[in-house]
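Undergrad: Protein chains in written order, with this note's numbering: chain V, 1 to 408; chain D, 1 to 408.
Simulated from the structure, these hints should not be mistaken for lab results. You may find that some hints are simply not true.
[As the list claims (entries may be wrong)] Distance condition first, Cα-Cα at most 20 Å in a straight line; then the derived SDA-like pairs of lysine to any residue:
#1 D:K62 x D:L28
#2 D:K354 x V:E346
#3 V:K402 x D:T367
#4 D:K402 x V:S371
2 protein chains.
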Amino acid sequence: MKIIPGGVTAPKGFYAAGLHVGIRKNKLKKDMALLFCEVPANAAGVFTTNTVQAAPVIWDRKLCGEVRKCQALVVNSGVANTCTGPRGYENVVHMAELTADLLSIAPEMVAVASTGVIGIPLPMDVVENGIRRLSGSLDDSAEAGTAAAEAIMTTDLYRKEMAVTLEVKGKTITIGGMCKGSGMINPNLGTVLSFLTTDLNISAELLQKTLERDVLDTYNMISVDGDTSTNDTVMVLANGMAGNEELTETDPEYQDFVRALREINTGFAKAIASDGEGATKMFEVVLRGMEHKEDARKLAKSIVSSNLVKCAVYGADANWGRIVCAMGQTGIVFDPYQVDICIKSEAGELMIVKDGMTTDYDEDRATEILSPDSVCFIADMHAGAESAAAWGCDLTYEYIKKNAEYRK
Amino acid sequence: MKIIPGGVTAPKGFYAAGLHVGIRKNKLKKDMALLFCEVPANAAGVFTTNTVQAAPVIWDRKLCGEVRKCQALVVNSGVANTCTGPRGYENVVHMAELTADLLSIAPEMVAVASTGVIGIPLPMDVVENGIRRLSGSLDDSAEAGTAAAEAIMTTDLYRKEMAVTLEVKGKTITIGGMCKGSGMINPNLGTVLSFLTTDLNISAELLQKTLERDVLDTYNMISVDGDTSTNDTVMVLANGMAGNEELTETDPEYQDFVRALREINTGFAKAIASDGEGATKMFEVVLRGMEHKEDARKLAKSIVSSNLVKCAVYGADANWGRIVCAMGQTGIVFDPYQVDICIKSEAGELMIVKDGMTTDYDEDRATEILSPDSVCFIADMHAGAESAAAWGCDLTYEYIKKNAEYRK
Chain V
1 MKIIPGGVTA PKGFYAAGLH VGIRKNKLKK DMALLFCEVP ANAAGVFTTN
51 TVQAAPVIWD RKLCGEVRKC QALVVNSGVA NTCTGPRGYE NVVHMAELTA
101 DLLSIAPEMV AVASTGVIGI PLPMDVVENG IRRLSGSLDD SAEAGTAAAE
151 AIMTTDLYRK EMAVTLEVKG KTITIGGMCK GSGMINPNLG TVLSFLTTDL
201 NISAELLQKT LERDVLDTYN MISVDGDTST NDTVMVLANG MAGNEELTET
251 DPEYQDFVRA LREINTGFAK AIASDGEGAT KMFEVVLRGM EHKEDARKLA
301 KSIVSSNLVK CAVYGADANW GRIVCAMGQT GIVFDPYQVD ICIKSEAGEL
351 MIVKDGMTTD YDEDRATEIL SPDSVCFIAD MHAGAESAAA WGCDLTYEYI
401 KKNAEYRK
Chain D
1 MKIIPGGVTA PKGFYAAGLH VGIRKNKLKK DMALLFCEVP ANAAGVFTTN
51 TVQAAPVIWD RKLCGEVRKC QALVVNSGVA NTCTGPRGYE NVVHMAELTA
101 DLLSIAPEMV AVASTGVIGI PLPMDVVENG IRRLSGSLDD SAEAGTAAAE
151 AIMTTDLYRK EMAVTLEVKG KTITIGGMCK GSGMINPNLG TVLSFLTTDL
201 NISAELLQKT LERDVLDTYN MISVDGDTST NDTVMVLANG MAGNEELTET
251 DPEYQDFVRA LREINTGFAK AIASDGEGAT KMFEVVLRGM EHKEDARKLA
301 KSIVSSNLVK CAVYGADANW GRIVCAMGQT GIVFDPYQVD ICIKSEAGEL
351 MIVKDGMTTD YDEDRATEIL SPDSVCFIAD MHAGAESAAA WGCDLTYEYI
401 KKNAEYRK
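Generate the whole structure from the sequences, applying the supplied hints.
TA: Quick look at the structure:
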């Protein structure tokens, strides 16, 4: 596996476009993206678990669950198309139909995604005009992929795209992707949108299974503010144009594909955490030594989700009682007097807790280690062989400013 | 039922003391309290559900679960006595024994509670000296109750005490209480400590059952920052000195007692929410119209726990998408298009969501209603007859300052 430059247009057969069409007021912010594939691609997707689901999520869930094929994806930022009733869903159908018509493909193979303010309708005249312009701007260049990655951003500070290549059955296959994280004009949600493309030949069923497993350790392990969006969407499109014989689960190269997918999605997860609203720092939690993987995940996730831990990270304060407290409140049974905790960063490494109690470490040294932009907490529970990682960002004045004062 | 002035010393037979003994550096802050009852009182208690439990919580759980009698309570602030190993538990036993010795009572009837920094040991010479001084200062005056209520505070901005009287079987009985909320020298936890006294004659079993039911709708329905302390403790002591014939569950007056207990604990829950760390505002969520009470509670609790809702309250922004999102992420099934949401305060009332969609309300009017110190969101799910209330505070710069910069 090799990381290469580029994003969604890196694999064979994928075209993209990203433009400012006028959904957002700021003309410097692109607000609509279109992705197109020369042939129908096998599609897999995972979506928000929130009971309240955006209209496009309902549409895409059907696309990935029943149609299992996708040839285009239209995305807008600025308006979430959530809590918009039957009209909201009709707008999704209309977006898919118009895109299909312009690209001469089947409307049921057009995915739709939105991110932005809840509860207001899409400006459909603007959206229609945008789809027309986008369909005339499609290109398979890296720049076109980048334009699409920019168009799905909301208050993200930087675009997020990535690509890797690997060998499968004698063919070089490429996986590309773009995603957006938390931060919106009206940042209700911290919506995660992530779209991956690949020219791998793989069945929709195996792609779905692989993606479902992958998100457990990638997107599901990040927390910016603990709120689960109504619009979260992760999709992978595989068009088979690399020409490899179909990849099956028992092929040795399947694990290479799993690793490549993990590489991109872990990269995106970390990027989303470090670009969380108001964040000044990204922190990683490595949770080791549990009997069950799922327990390791829950403990790690609880730590990155804790407001008190997030504040301590912001203050570079090795306040480990908050870490132990965050683990304890999961309800998962562990012996607190078996827990060791290390802190680590480019500034060094220090064990601050041994057997559940303080090591009487030097606080100044701990603060030094917790001061860089990216820091890590390693907790070893000494109760098994399973581990998990999770990523979070600090909780800052800026987060509150963004979320309290938006409409002012 | 009548609310009267006073706190833990209001019922017959209870004595209290509160002093600065030197656990905390600031001499203006009392840091130890003692409560004493002339006769052994029936005891009930509920404690933190965190897997990590403070040493005194382990002791008190046994007291309420096995001994079921309590004649004294010793509490310190400043040090949580959590993650302190066998030495921490020995210190609890020693505190109980010394208190018992000085008051000539049984050590197994002495409850112990702590709140403060996790992971550092109690300064036992200071604590011992404190217990000696406290046992010489016990008094049944209202002022003594107030001194105790002050001594259990950490960074609480005001003391919390309350008392009510009611008639039970021809006798006037009194219930008094003191509690503390979130905010500590090192605010790891937002520990809730709450101690109620009463001269009611009631069995320990019925008292325990009544308290367990009560906390579901009072303390369990508040959220300052979503972190569950390792030290949370709520206890009720009933000494029977009002002279009433034993109150049983089938007595009509039992419901009066339930209501009186609810009155105090709801008052304390609201006080803890409004005095949450850094809070400028308290908000109440009234969740109506669910089939199951427990679902109503979970939905209400999820709203008051959401960082995004808390930020919106801080900004007086009627950002109702966040409320719907917070309900949806509980996993509880409801029809988003049945939901109505009203906002309410001393400034008026306004329906902002009808059938899950915006009412196109006036934003300025909404901000006006959300501007007072205390505001309310009423969500009606139209899916049943059960309701629940929850209380939270806003998330502010000050919360982050307190929790990021404490050691600086």
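Undergrad: Hint by hint, say whether it matches the structure.
TA: Checked hints:
{"no.": "1", "hint": "D:K62 x D:L28", "in the structure": "violated (34 Å)"}
{"no.": "2", "hint": "D:K354 x V:E346", "in the structure": "violated (53 Å)"}
{"no.": "3", "hint": "V:K402 x D:T367", "in the structure": "holds (17 Å)"}
{"no.": "4", "hint": "D:K402 x V:S371", "in the structure": "holds (18 Å)"}
In this structure, the earlier hints numbered 1, 2 are contradicted, and the remaining ones agree with it.
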